[in-house]
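J.: Sequence:
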Amino acid sequence: MATYGDLTPAQQAAYNAYPTSQKGAYLDSIKSAADLMKEATAKGAAAGAGANAALGGVSTGVQKPGGYPPGGGGGTGTATTNTPATIAPPSLTGLQGATSAPVAQVGPLDTSAAQGAAFGRAKDTVGQVAGGALTGLRSALAGRGMLGSGAESRGTSAVVNRGQGELGDVARQQAIESSGLAERQGTVNFQGGIAQRGQDISAQQAREAQAAETARAGYSGAIAQRGQDIQAQQDAAQRNQQLALQTAAQRAQALQGLLGALSGGGSY
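Anchor point for the sequence shown: position 184 equals 184 in the numbering used here, and the numbering is continuous, going up by one each time.
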């Protein structure tokens with residue numbers, strides 16, 4: 001409690017104006033100079049510590065994007081962000097995709113029925129010609145009384161051999177035609193396979209080019225995003241630094257005010 005000697009002239013005048021019964025309560029409400037000195041010293045020390053902490057955070061806390069200074073003194077909330085991850089280069093592996101299904105080969109043409117019919121007609125024709133030849137041979141030999149002779153045997157053999165030779169010519173011609181047909185089928189299948197391979201290669205190149213373009217676009221987008229993240233972190237760090245400086249200035253101003261109040265002998 002303050003004494004009458006601790007009062008300022010204005011407070012002494014107010015003390016004298018109070019009734020005697022209230023003078024003690026008035027002195028109880030006024031703190032002594034020693035009390036004021038203790039409170040001002042304590043508040044000044046706390047404010048100085050807070051200001052020093054804030055200034056220390058400004059000088060050492062702000063190092064690089066992604067690292068923000070701690071709150072000084074009383075402390076203020078600071079936003080933190082994660083450091084952008086390293087972007088890997090675009091991977092073009094696995095672009096060798098499956099090729100399109102191969103075109104079915106051209107199957108061999110079944111000409112057995114046609115060849116059988118042609119051979120049958122040729123056989124009938126040869127048989128008719130040979131039968132007519134044998135009939136004519138026997139008639140001629142009968143008119144001369146030579147049936148059963150060696151001339152009939154030789155003539156019959158000649159007619160038979162001639163018929164067999166004609167049937168052999170038909171079979172040989174059919175074999176030549178079958179061989180030519182097989183060659184043409186092989187050529188068509190080979191050309192179709194070459195054309196299909198060219199289409200497969202073109203389609204594969206198109207897929208690889210598209211996949212590579214997609215990978216490059218994704219990589220470029222990731223690089224741009226990383227730049228935006230770094231810029232945002234730098235902006236946040238700058239704002240945090242400015243906030244720390246403002247806080248330090250406010251605390252220093254408050255400290256100066258307290259010191260001024262202490263030196264001016266202010267009271268409550």
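Just so you know, the hints here were simulated from the structure itself, not pulled from any lab data.
Among the clues, some could well be false.
To be verified - For each label pair, taking beta carbons as the anchor points, the in silico distance ranges come out as:
| # | residue 1 | residue 2 | range |
| --- | --- | --- | --- |
| 1 | Tyr18 | Gly257 | 28 to 38 Å |
| 2 | Gly145 | Lys123 | 47 to 57 Å |
| 3 | Gln234 | Gln205 | 38 to 48 Å |
Glycine included, every Cβ here is placed at the ideal spot set by N, Cα and C.
J.: Can the suggested window of 47 to 57 Å be confirmed for the beta-carbon pair Gly145 and Lys123?
T.: Check failed, 34 Å falls outside 47 to 57 Å.
J.: Looking only at beta-carbon atoms, does the pair Tyr18, Gly257 fall within the given range of 28 to 38 Å?
T.: holds, 31 Å
J.: A range of 38 to 48 Å was offered for this pair. Does it hold for the Cβ distance of Gln234 and Gln205?
T.: holds, 43 Å
In terms of the numbered hints stated before, the structure departs from hint 2 and from no other.
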